[in-house]
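Colleague: Sequence:
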Amino acid sequence: MMSPSAKLPVPPLRYLTKSLVKTALKCPKKLVYATHPTLFPQSREHVEDPLYQHLSMEGERFGEYCKRLFPHGKEMRRRKVMEDGQNDFASMVHRLSSETYQTLMGDKDGAHKKKRVTLFEGVVCDGALYAQPDVLDKIVHDDDAGDGRKDNQRIELRVIEVKSKSWDSRYSIQDKMLSKNNKLPSVKANYLPYIQDVAFQSMVCRMLYSQEHNVHISSWLMMPDRSKKMKYNLLDANDGEISSHATLCSSDGNPTDDRIPTLDETIQTIDNSVAALINVDELVEIVLNSEASYPGSNGDTLQEIVYRWAEQVNTPTFGPQSLSTPIGMHCASCEYRLKDIPVIGTHSGFHNCWHEATGYEMERLRSTPLIVDLYGNTKKLVTTFMSKDKYLLSELSTDFFELADDGTPVKKADMGESITNHQRQWYQVETTKRLESDSPALRNNPTFRPSCMIKKNRMDQIMKSWKYPLHFIDFETIAPVIPLYSNMSPYEIFAFQFSHHILHDASSTVEHASEFLHIEEGSPNVSFLRALHRAICHKNDGGTVFQWSPHEHNVLKGMLSTPEAMDSLSAQEYSDLSTLLENGMVDLCKLAHKYYYVDQSGGSSSIKRLLRPTLDASPHIRELYGSPTYNSRNFSNFQWYQLDDCGRAKDPYDILSTMTDIDNDGDNNQQQQHDKANVTKGLAAAAAFQELRNNVSLESKDRRDIEKSLLRYCELDTLAMVMIVQAWQNLLEDSSE
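The sequence shown begins at 129 in our numbering and counts up by one.
Derived from the structure by calculation, the hints contain no laboratory data.
Please read these numbers as outputs of a predicted model, since none were measured by experiment.
Among the hints, a few may not be true.
Mimicking BS3-like on lysine-lysine, the simulated pairs with C-alpha atoms at most 30 Å apart in a straight line are [what the hints assert, rightly or not]:
1) Lys357 x Lys202
2) Lys561 x Lys722
3) Lys518 x Lys540
4) Lys304 x Lys243
Okay, the calculated beta carbon distance ranges per label pair [what the hints assert, rightly or not]:
5) Leu860 x Glu648: 24 to 32 Å
6) Ser338 x Lys311: 26 to 34 Å
7) Asp468 x Lys311: 44 to 52 Å
8) Leu183 x Thr429: 25 to 33 Å
9) Gly544 x Asn759: 37 to 45 Å
10) Ser689 x Thr443: 25 to 33 Å
11) His632 x Gly686: 25 to 33 Å
C-beta: ideal position from N, C-alpha, C; glycine also.
Just need the whole structure built from these sequences, with the hints factored in.
Modeller: Written out as structure tokens, the structure reads:
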């Protein structure tokens with residue numbers, strides 16, 4: 129790890145961008161790491177996180193959609209701002225900023241005579257502050273001079289930030305965005321980052337355009353509106369982008385020509401779309417002039433701290449010692465936490481901070497869970513730990529969790545039949561202590577197994593109420609920001625796939641009974657519901673139906689409520705599926721959370737966090753799945769329990785990613801396609817479905833590979849449910865509380 133006195137290379141000039149401000153508001157220390165990416169890389173887990181990639185992709189889709197609502201808009205040349213500095217970077221930025229100004233206000237293309245000019249991603253700079261708003265919309269308003277003449281012209285420059293954050297125009301800004309709990313008005317936390325983004329962009333634009341040219345700067349957010357319905361199938365099957373037929377239309381529905389639309393026409397176009405354009409001038413003023421909250425904040429407003437950060441990042445000695453930020457709960461999601469150092473000379477920013485704050489050796493911090501890794505953590509709890517100089521999970525005691533030495537709740541009111549959150553946290557601490565106390569040789573010994581516990585009496589009572597055959601179902605769903613089908617709203621969720629396993633009896637006879645994957649044109653709603661009816665309801669065997677979390681119940685309820693389902697399903701189909709909802713599906717995640725704990729799950733009840741340690745902890749599961757005997761439509765003579773180099777169970781989801789019948793020939797395009805066909809996580813399934821749905825140029829082999837990977841992934845989800853239930857059944861036979 130780099131010594132505190134080490135120097136960092138400093139470029140001649142560094143611009144403070146919106147993304148850097150956004151990063152610094154989460155943790156100012158990250159300004160060092162973000163501006164020196166070769167020394168402080170982001171973790172691979174963060175960069176490759178399916179959620180991160182999914183949100184980025186959806187944001188790009190919505191951004192492209194919104195551009196088409198301004199068909200007269202001009203795209204500035206796309207140039208990525210290199211925040212780590214370049215020798216000619218300042219001159220490039222100056223050139224782009226000048227080009228933006230000339231296009232909006234100067235003589236270029238007669239801009240000074242035009243009543244309206246719209247730019248996408250124009251560059252605006254003031255000193256070291258760099259803004260690149262998604263849309264800059266210059267509008268010249270003719271104001272009445274008082275005698276009927278329109279002599280006074282007022283120039284408005286709209287700074288529009290496009291965000292894929294959902295909005296519902298049935299509510300007011302005051303109801304959705306403003307907090308009513310404080311004496312002074314403030315922006316609600318769930319919208320604050322978006323208001324801060326547009327506030328920074330507007331602040332920079334004001335400096336250049338308002339002060340020098342008397343231009344009124346107004347601030348706007350453009351967001352997907354969940355109250356609206358898509359009027360067309362807006363995705364072009366050729367490239368996944370928005371169809372020009374649907375979007376490049378004026379208010380009368382006719383294709384646009386070269387004429388620049390009036391502001392009223394643009395408003396009408398937006399009203400007819402699934403986007404909402406919201407003026408946030410009031411909220412921007414609140415954010416700019418009220419105290420900015422960030423780790424280590426000292427009362428500065430956003431404007432004040434932005435200037436300070438711009439000055440700090442441009443000092444010649446800017447480095448790890450330039451900014452001091454307290455550690456805390458905000459560190460839990462740090463993208464600069466590296467498990468392994470990828471390249472010699474690179475450093476883990478997270479561990480650098482914790483080393484400075486605690487004085488602990490780097491290796492110790494890297495090799496053991498920290499207090500921010502505790503299940504169900506809160507800022508208050510982490511603050512309590514740090515006030516007692518406790519930074520490692522292994523340093524904690526039962527006192528912190530209101531538990532007696534034997535792990536039982538101190539308060540009698542907490543002594544119920546389920547595992548309390550405090551107990552779950554303490555079990556995680558105990559696991560850490562036990563692993564640290566054992567020798568490395570023992571921890572790597574194949575005979576060493578994680579322990580698990582189950583609340584036997586209550587779980588036994590619940591499981592005896594189940595009726596065979598047991599049905600396990602899992603849905604793969606998608607909630608796209610741009611609806612894929614007519615009459616759907618942004619982020620309206622629907623299922624495109626399910627898997628269905630049956631456990632026929634207590635002797636563990638398992639069958640992958642049915643599956644469904646929508647690969648046809650059009651909405652999957654009706655075909656999905658009919659297939660589900662055939663799989664579950666048509667059998668009418670009285671067996672108990674299981675889900676993992678309420679997700680399946682909620683999605684099924686939503687899909688049944690659509691006019692499409694009501695109109696197309698038979699009365700029997702609709703009645704049977706409604707009965708399935710009314711009778712309820714057993715939520716195995718809820719049961720796991722209340723009555724089951726296994727070491728090395730991190731306290732989580734996520735099926736993907738539970739599966740591998742459950743395989744390791746259950747000799748019964750190892751016996752059932754430790755030989756190549758599993759067969760289904762998608763697997764032949766397959767062995768699910770496999771050992772890694774340390775003699776521990778491999779994660780079955782990792783096994784999926786290494787299956788050899790989905791190949792590539794080594795070139796980059798084939799590798800990218802292979803990655804798309806390697807579905808091992810839920811959001812990757814949604815992305816794969818979008819690929820099948822939108823990319824008509826997909827070769828038949830690639831299409832088959834993606835379909836095969838989707839089917840295998842969803843099948844493993846329901847098989848994992850079966851495995852955990854089988855482990856519970858065996859635990860109830862062999863263990864006592």
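Colleague: Hint by hint, say whether it matches the structure.
Modeller: We went through each hint and held it up to the structure:
1. Lys357 x Lys202: With Cα atoms ~28 Å apart, Lys357 and Lys202 stay inside 30 Å; holds.
2. Lys561 x Lys722: holds, 23 Å
3. Lys518 x Lys540: holds, 27 Å
4. Lys304 x Lys243: This hinted pair is violated, its Cα atoms lying about 34 Å apart.
5. Leu860 x Glu648: 24 to 32 Å: violated, 44 Å
6. Ser338 x Lys311: 26 to 34 Å: Given a distance of about 30 Å, which is inside 26 to 34 Å, the answer is holds.
7. Asp468 x Lys311: 44 to 52 Å: holds, 49 Å
8. Leu183 x Thr429: 25 to 33 Å: Since the Cβ atoms of Leu183 and Thr429 sit about 29 Å apart, the hinted range of 25 to 33 Å holds.
9. Gly544 x Asn759: 37 to 45 Å: The hint (37 to 45 Å, Cβ to Cβ) holds, given that Gly544 and Asn759 are roughly 42 Å apart.
10. Ser689 x Thr443: 25 to 33 Å: Between Ser689 and Thr443, where Cβ atoms are some 59 Å apart, the hint is violated.
11. His632 x Gly686: 25 to 33 Å: 31 Å Cβ-Cβ, so the 25 to 33 Å window holds.
Checked against the numbered hints given earlier, the structure breaks hints 4, 5, 10 and satisfies all the rest.
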